[in-house]
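Visitor: Using the sequences and the hints given, assemble the complete structure.
Number of protein chains: 6
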Amino acid sequence: MSEPKKVNDLRAGNTVDTTFLVMEKELKEFTSKEGYYLQVKLGDNTGSIWGKCWEKAEEVASLFEPGDIMRIKGVVESFRGRLQLIFEPEGVERSAETYDIADYLPATSKNIDFLLAEIVKTAEGMENEYLKRVVFSFLHDPDFINSFKKAPAAKIHHHNYIGGLIEHTQSVMALCETICGLYPELDRDLLLAGAILHDIGKTAVYEYTFRIDVTEEGGLLDHIVLGYRMVEEKIKGINGFPEELSLRLLHLILSHHNYGEWGSPVKPLFAEAEALCYADMLDSQLKEFIQVQKYEEAKGKEDVWSDFSRRLDRFFYLGGGKTHDK
Amino acid sequence: MSEPKKVNDLRAGNTVDTTFLVMEKELKEFTSKEGYYLQVKLGDNTGSIWGKCWEKAEEVASLFEPGDIMRIKGVVESFRGRLQLIFEPEGVERSAETYDIADYLPATSKNIDFLLAEIVKTAEGMENEYLKRVVFSFLHDPDFINSFKKAPAAKIHHHNYIGGLIEHTQSVMALCETICGLYPELDRDLLLAGAILHDIGKTAVYEYTFRIDVTEEGGLLDHIVLGYRMVEEKIKGINGFPEELSLRLLHLILSHHNYGEWGSPVKPLFAEAEALCYADMLDSQLKEFIQVQKYEEAKGKEDVWSDFSRRLDRFFYLGGGKTHDK
Amino acid sequence: MSEPKKVNDLRAGNTVDTTFLVMEKELKEFTSKEGYYLQVKLGDNTGSIWGKCWEKAEEVASLFEPGDIMRIKGVVESFRGRLQLIFEPEGVERSAETYDIADYLPATSKNIDFLLAEIVKTAEGMENEYLKRVVFSFLHDPDFINSFKKAPAAKIHHHNYIGGLIEHTQSVMALCETICGLYPELDRDLLLAGAILHDIGKTAVYEYTFRIDVTEEGGLLDHIVLGYRMVEEKIKGINGFPEELSLRLLHLILSHHNYGEWGSPVKPLFAEAEALCYADMLDSQLKEFIQVQKYEEAKGKEDVWSDFSRRLDRFFYLGGGKTHDK
Amino acid sequence: MSEPKKVNDLRAGNTVDTTFLVMEKELKEFTSKEGYYLQVKLGDNTGSIWGKCWEKAEEVASLFEPGDIMRIKGVVESFRGRLQLIFEPEGVERSAETYDIADYLPATSKNIDFLLAEIVKTAEGMENEYLKRVVFSFLHDPDFINSFKKAPAAKIHHHNYIGGLIEHTQSVMALCETICGLYPELDRDLLLAGAILHDIGKTAVYEYTFRIDVTEEGGLLDHIVLGYRMVEEKIKGINGFPEELSLRLLHLILSHHNYGEWGSPVKPLFAEAEALCYADMLDSQLKEFIQVQKYEEAKGKEDVWSDFSRRLDRFFYLGGGKTHDK
Amino acid sequence: MSEPKKVNDLRAGNTVDTTFLVMEKELKEFTSKEGYYLQVKLGDNTGSIWGKCWEKAEEVASLFEPGDIMRIKGVVESFRGRLQLIFEPEGVERSAETYDIADYLPATSKNIDFLLAEIVKTAEGMENEYLKRVVFSFLHDPDFINSFKKAPAAKIHHHNYIGGLIEHTQSVMALCETICGLYPELDRDLLLAGAILHDIGKTAVYEYTFRIDVTEEGGLLDHIVLGYRMVEEKIKGINGFPEELSLRLLHLILSHHNYGEWGSPVKPLFAEAEALCYADMLDSQLKEFIQVQKYEEAKGKEDVWSDFSRRLDRFFYLGGGKTHDK
Amino acid sequence: MSEPKKVNDLRAGNTVDTTFLVMEKELKEFTSKEGYYLQVKLGDNTGSIWGKCWEKAEEVASLFEPGDIMRIKGVVESFRGRLQLIFEPEGVERSAETYDIADYLPATSKNIDFLLAEIVKTAEGMENEYLKRVVFSFLHDPDFINSFKKAPAAKIHHHNYIGGLIEHTQSVMALCETICGLYPELDRDLLLAGAILHDIGKTAVYEYTFRIDVTEEGGLLDHIVLGYRMVEEKIKGINGFPEELSLRLLHLILSHHNYGEWGSPVKPLFAEAEALCYADMLDSQLKEFIQVQKYEEAKGKEDVWSDFSRRLDRFFYLGGGKTHDK
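Protein chains in written order, with the numbering used here: chain P, 167 to 492; chain B, 167 to 492; chain D, 167 to 492; chain L, 167 to 492; chain Y, 167 to 492; chain V, 167 to 492.
Because the hints were derived from the structure by calculation, they are not lab data. Quick reminder that beta carbons are idealized off the backbone N, C-alpha and C, glycines included. Fair warning: there could be bad hints in the mix.
With beta-carbon atoms standing in for the labels, derived distance ranges [stated by the list, open to error]:
hint, chain 1, residue 1, chain 2, residue 2, range
1, D, 183, B, 295, 29 to 35 angstroms
2, D, 213, B, 350, 48 to 54 angstroms
3, P, 307, Y, 381, 51 to 57 angstroms
4, Y, 269, P, 351, 27 to 33 angstroms
Which chain B residues stay away from chain Y? Per the calculated CB distances, all over 10 angstroms, these [unchecked claim]:
hint, residue
5, 184
6, 262
7, 263
8, 312
9, 377
Guide: This is the structure:
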């Protein structure tokens with residue numbers, strides 16, 4: 167019988183021999199006797215489980231640090247209603263495999279390659295050669311694409327997982343395509359280029375080795391200015407890029423959070439900027455709501471009302487289930 | 167040679183014999199002699215022109231009131247760079263034709279029948295029988311449809327013209343269809359029903375005989391509560407409509423302006439309500455921007471910057487023209 | 167010697183044989199040995215006390231649920247400075263009496279019948295027959311009166327207890343009577359009808375079997391719209407109710423929370439609506455302050471300053487006692 | 167036949183010989199010939215009328231200044247639908263009578279002596295000797311009473327007329343009496359003393375010789391601090407005034423505008439202060455609304471909606487008349 | 167007798183032969199006869215005067231455009247209490263001199279060379295070689311210095327005149343020097359470099375040929391991002407510039423308007439950034455107040471209170487003169 | 167070998183015989199046996215340490231209260247990584263010395279006498295005799311000086327330590343001196359007098375026997391009004407003090423927190439008031455930031471980012487150390 171490989175497949179009684187990301191590590195004093203045991207938080211992209219090693223705690227603890235990928239052999243137990251993974255000192259070894267961080271951190275449930283293909287397809291449909299070139303100067307850059315496919319769009323808020331950036335980007339782009347259909351007076355290529363590039367600064371804002379963290383540059387300059395800088399650099403490399411078009415595209419990046427409360431240094435100053443700004447807000451707010459709603463639903467309360475959510479500043483309605491199930 | 171029929175086709179020297187909406191009427195004293203002349207503002211759905219009758223002013227003035235449709239014969243002149251229509255006392259008669267107010271007030275530039283067809287098509291695609299029935303209880307109601315096709319969505323702000331409501335409704339619906347594609351976890355039928363019905367209360371808020379006005383009921387109860395009442399009444403007429411589904415649909419109407427600054431009595435309390443709220447905001451804000459931008463562009467200033475717009479609270483960028491023209 | 171009947175009469179050493187509302191129920195592990203004891207929170211309308219049963223905990227626990235009224239025989243003990251009620255497994259039985267929930271939940275300290283009589287008296291003094299009839303269509307409705315006399319006015323904030331709604335209603339009405347004396351230009355009957363009916367939607371917002379909870383309808387539609395619906399339904403049943411009067415009365419209900427921050431869908435649009443809005447605010451804010459002040463005073467701190475109150479967003483002044491006592 | 171004495175009694179054709187307050191004075195050039203005529207704005211406590219003197223304009227103009235009370239003999243004419251008073255150079259003389267400014271500026275329509283009697287009666291009912299003494303140290307001070315009976319409560323906003331302060335004070339006091347009936351836990355004497363004294367600083371804020379103006383002291387220190395200073399001075403003169411009671415009373419003055427937006431240096435820190443704060447707000451907001459509503463009604467528009475009011479930030483509802491008239 | 171050279175020296179009766187900036191130009195119809203006269207607004211750095219040419223208006227008007235510097239010979243007259251300059255068609259010729267725009271637009275009353283010297287002196291006192299080099303990369307750049315000495319700091323608000331930028335920069339720098347004395351824990355060189363460079367983006371935001379205008383780049387990207395870009399470019403040219411120091415300096419530029427209401431894309435994230443932010447605010451707000459105060463004082467009203475100032479949102483106090491004069 | 171005298175000099179193993187302020191006192195139950203031990207928090211102006219007495223806990227506890235200065239003999243031990251001071255029942259005696267509270271509470275790190283000397287020097291440089299006299303009426307008052315040198319400027323926020331008021335005052339004064347240099351149009355003496363006196367009300371707001379507390383007067387009237395009262399009283403004692411100058415100085419006190427959010431009863435109404443307002447804000451905000459930054463740095467985290475600070479409402483940047491160290 168094959169052993170379970172992923173955290174959310176584990177059940178009490180399983181024996182396990184698989185790799186995990188070490189997320190936390192702590193030596194804990196026994197309450198009943200002298201000495202320490204080792205407690206670790208082990209995760210993959212499906213969730214996390216507490217692991218415990220009762221013996222040689224200090225020695226075992228010296229073998230790895232949070233952020234390492236370790237192969238653990240052990241047994242799953244139930245303790246006070248929650249699962250834990252008990253392992254022996256010998257059951258721990260450093261994984262020799264190369265691995266993809268996306269296998270060990272929470273990640274988008276969408277297919278990243280599909281999202282990218284959607285973006286490329288839209289970019290290929292552009293008619294303005296300059297905008298098309300600046301967009302493809304990113305989409306044809308393998309280093310950029312590597313980051314773009316993995317980067318989260320946040321540390322704490324909406325889309326705060328591997329692939330969050332590209333998921334959000336494709337959503338905003340799709341909304342903007344609908345907008346262009348409704349408002350033919352808008353410059354379609356400009357709005358779509360803005361949608362594709364609006365958050366690319368986030369590839370430089372987050373690092374994610376064993377959790378999502380903000381880089382020094384990311385915190386001190388933020389994604390709006392970093393994205394502006396990345397786009398401007400590419401524009402400089404394109405001969406004859408029209409001046410006004412360049413200013414308009416850069417303005418789309420700078421204004422997409424709206425002036426004031428949300429941190430843009432300029433208000434949207436033409437209609438495509440206004441459109442991008444609200445498309446970004448729609449997707450951000452909706453995803454935020456859905457993430458919080460799923461988190462509350464996962465608690466399995468027997469109540470139609472959620473607990474109070476600070477992030478949404480409200481109790482919200484869980485109801486009796488999906489309405490179409492009735 | 168055929169005479170011009172519409173205000174925006176008039177040129178100095180034209181003779182005119184056509185019907186106009188009387189928008190304003192005023193007796194003015196001559197500065198150079200005793201007595202009065204008659205000044206009227208004459209409009210149709212392409213714009214308005216000042217008309218003047220130099221003789222028998224009081225007698226002519228007694229023939230009609232603002233809001234009447236009158237057939238005017240006269241001559242177009244240029245005065246201080248603006249056109250005016252000079253007519254004789256004999257050149258005025260009450261129009262005997264029946265007419266459509268949409269021919270005399272500013273109206274959407276979109277095809278209203280097409281917009282309605284889009285909405286019907288989406289409604290036909292609904293799978294939930296209850297939601298489908300409540301939507302069609304409106305779409306199959308000829309009195310409702312008559313209002314729905316003509317009503318503006320505002321008096322002063324975005325979509326403040328004949329057909330504004332249906333244009334806005336179709337846009338919000340289209341955005342929600344895109345959202346449903348991006349977020350399959352949402353209840354598609356619920357969100358689309360909400361999108362189609364969210365602003366129907368506006369059919370009772372505005373009257374528009376010769377300009378857009380707010381009804382007593384519209385001002386005192388407002389479109390959110392009026393729309394809620396209309397939908398609730400239809401739901402009552404549908405046997406076995408599930409209670410939770412009814413509450414959810416009514417909540418979508420009530421919460422679509424968000425609690426607080428914009429006047430909803432409740433915050434959005436589940437994801438479909440959040441989605442509708444931001445889709446409505448996107449279309450409203452974007453249309454508002456575009457209407458103001460067109461108004462400023464029409465001034466024909468030789469400047470890349472607009473005049474200050476109180477409605478947008480900014481100077482905005484007119485630029486050198488559509489970027490793709492360059 | 168008669169035994170104490172109410173929680174706030176209990177003293178260490180009392181034997182008890184009376185009915186309580188079970189507010190919470192939990193099996194707790196012994197720290198000193200294997201197994202469980204039963205801990206319950208028992209309440210009536212004077213307060214609550216922790217009860218403990220050391221034996222057959224699981225069996226006893228199966229006899230009742232939170233929300234049940236149980237007859238408990240036991241002994242009051244002092245433990246770490248707080249009272250607790252110790253009972254045997256045999257000392258628990260389901261109460262056979264019918265009971266009034268107002269005897270088991272926190273309730274107004276005012277006489278509810280007196281409050282109602284005050285409201286009826288004011289209603290009887292109305293001269294406008296239509297307003298009088300709509301008010302009495304509620305006051306003569308025994309189901310409504312039953313709810314109206316019990317309903318709280320909130321779950322967490324001011325007047326959050328049995329009878330809170332009628333207490334608040336009578337206060338707002340009394341303030342409006344004073345206002346009518348000061349401002350004879352106001353329509354007295356309209357303002358008083360608005361005062362009496364402004365919060366009746368709350369009878370449908372709260373349920374209170376063993377604690378105050380928000381109904382699905384109450385949360386999703388809220389009391390303003392629910393109250394509007396209730397009043398409109400009654401108006402429809404009154405032949406010849408003048409249209410403008412109807413709109414004005416409904417507007418009073420809808421606008422009484424002011425537009426914006428507090429959730430009305432419309433701003434007050436005539437003076438009686440403004441008056442009701444501020445009378446409601448006065449009573450709400452003052453009661454909120456007094457409830458918090460009493461809560462802080464009950465702590466018995468030896469300090470002139472209260473602890474920081476999040477609800478009032480301030481430290482406030484307790485002083486050295488009632489100033490007139492000095 | 168007796169001549170009309172008051173501005174609002176004047177009709178075209180009247181001859182006039184009465185005293186007016188000169189509110190404005192201007193020499194205007196004739197458009198049809200060389201030279202000047204004199205235009206003045208003449209007022210009393212019922213309104214104002216434009217006066218014109220066609221001859222010896224400069225000479226006549228030198229006889230008086232705005233703020234003077236002049237006896238004018240002349241004839242009332244109608245010009246472009248408005249009345250004006252035509253007078254000869256000989257028809258102007260300085261009034262020899264002593265006069266009361268309240269006869270020449272807009273004033274409360276209530277009986278000031280009655281308002282004062284109400285306040286005195288309430289003060290006499292106080293039981294706390296210290297609070298009673300501090301209140302009567304004002305009410306028995308003839309200079310204070312003289313100011314208190316005349317002072318307006320504002321220059322532009324609510325109660326901006328002679329007697330406005332005492333009218334507002336009596337209203338707030340009446341509201342507080344109702345509050346004390348509803349909330350017996352409040353210190354009645356403290357709240358009533360606070361209500362009577364809360365705005366007395368306004369006697370030093372406004373001067374009103376021929377219009378309401380702000381004094382230097384009034385503008386730079388404002389009525390809250392000036393009132394605080396006045397009350398503190400009186401308290402110092404009362405032997406044995408309890409320290410805490412003194413602090414509480416002074417705090418009522420200082421906090422009655424609420425901290426923050428409305429300018430109090432401290433938040434209300436006990437319940438009586440909260441009560442006063444909201445009673446003051448109720449009367450201020452309601453009077454503001456009523457004054458604006460009367461102003462709009464006086465325009466005599468044939469529309470159920472008012473013009474947009476900047477002061478109320480809304481269009482409001484005029485309706486078809488007082489609802490009880492129907 | 168030498169003729170006056172500057173606008174604020176002109177008196178009625180003067181003959182004039184000097185150069186002016188043409189600020190406005192308009193052909194006006196005579197009211198008394200057929201034809202046009204020419205009206206121009208003529209200015210220099212001391213003020214402006216209306217000029218009129220009664221003959222050959224169209225011909226003369228064709229000789230120049232607003233923004234040109236013209237030599238005008240004419241006579242100063244008084245008309246309705248204001249001065250005007252009457253000139254003949256022959257009295258107008260294009261100025262052959264080269265000129266400095268600072269002689270024709272409102273300019274700082276401070277000595278620009280002194281301000282620059284102060285900045286250079288402070289920069290010379292820096293100990294950190296990297297910061298010193300980046301500052302001097304600007305101060306040694308003659309093109310930059312040319313702009314830096316002339317640029318205004320605003321179009322409408324504080325320091326909206328030639329030299330406004332350097333005046334404001336020196337003030338903020340001086341405040342920061344004081345701050346460094348008070349808070350030795352701050353990094354002096356970092357704060358001073360930030361103070362000197364914080365607004366340099368404004369050299370690219372404004373153009374000022376005959377009035378102050380916003381460039382396309384200035385409006386669409388704004389001075390914060392433009393300044394960031396300028397500093398980053400210079401840093402790239404300095405070998406070995408420490409990474410953290412670079413981030414800190416760039417952060418000072420980006421955060422100096424504070425996040426939110428005032429338009430910075432990031433909040434100040436270390437103490438030097440906080441210091442710069444508030445030093446900038448102090449100087450901006452104070453200068454704004456002083457400019458408005460001078461504008462109101464110049465009206466010469468006989469009142470201690472100013473007219474209402476929208477920019478300051480208050481009436482303010484003019485008083486009886488400088489207090490030390492008394 | 168000399169024993170350590172101050173908390174921040176203590177190391178494990180030290181024997182101690184010195185005086186401490188008792189900050190907290192609590193009897194704690196032993197977990198391992200019956201009975202209590204005594205736990206106290208002992209502090210001086212360098213920090214605090216937990217002290218424990220294992221025997222005769224209740225007897226020892228009866229010897230002193232929080233706020234007392236006690237001489238403690240004991241031994242410093244390390245427990246779970248933190249130091250604690252173990253003492254015998256005999257090792258506690260009441261200190262017979264007189265002491266200065268500034269030796270036992272956190273205090274400014276600046277030299278208070280130097281700060282005072284700076285203030286006196288500035289005051290001596292004033293030219294306006296009236297302002298100079300009012301300032302020296304405080305600076306020559308030994309009771310005032312005693313309070314002024316010790317008072318904190320806050321309980322929780324910036325400068326919340328002994329000497330905080332004078333430190334803040336000198337900083338604001340220094341900033342104002344710089345401002346006067348930059349803006350010679352300001353009345354130097356008025357602004358400096360305002361700077362020196364603006365917060366003197368705080369001497370009556372805080373009491374600090376063993377911690378900083380707010381007095382009744384301080385909480386109910388607050389420092390702005392208390393400072394106003396103190397200054398006005400001194401002005402009354404100065405013969406011939408000009409009225410306008412008096413109003414201006416009092417206005418500086420009253421307006422220095424700006425109207426609205428921060429609690430001034432009046433907005434700054436002339437330029438010196440605006441200057442003081444922003445100088446006060448600059449020093450307050452900067453000190454707040456620096457105090458929080460030091461608190462976070464003291465945690466010794468190995469991260470460039472601080473923990474989230476509620477007081478600053480942000481994560482901020484700790485970086486890799488002082489930039490000039492690199």
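Visitor: Indicate, hint by hint, whether the structure satisfies it.
Guide: Outcome of the hint check:
1. 183/D <-> 295/B: 29 to 35 angstroms: Violated, since residue 183/D and residue 295/B (Cβ atoms, about 58 angstroms apart) do not stay within the stated range.
2. 213/D <-> 350/B: 48 to 54 angstroms: 51 angstroms, holds
3. 307/P <-> 381/Y: 51 to 57 angstroms: Violated, since residue 307/P and residue 381/Y (Cβ atoms, about 31 angstroms apart) do not stay within the stated range.
4. 269/Y <-> 351/P: 27 to 33 angstroms: The hinted range 27 to 33 angstroms is violated for residue 269/Y and residue 351/P, with Cβ atoms some 46 angstroms apart.
5. 184: With a cut-off of 10 angstroms, residue 184/B remains clear of chain Y, as the shortest Cβ separation is near 34 angstroms.
6. 262: 45 angstroms, holds
7. 263: Nearest chain Y Cβ is 44 angstroms from residue 263/B, so the label holds.
8. 312: Given that every Cβ of chain Y is farther than 10 angstroms from that of residue 312/B, nearest at about 46 angstroms, it holds.
9. 377: With a cut-off of 10 angstroms, residue 377/B remains clear of chain Y, as the shortest Cβ separation is near 31 angstroms.
Figure legend: structure checked against the earlier numbered hints; hints not met, in rising order: 1, 3 and 4.
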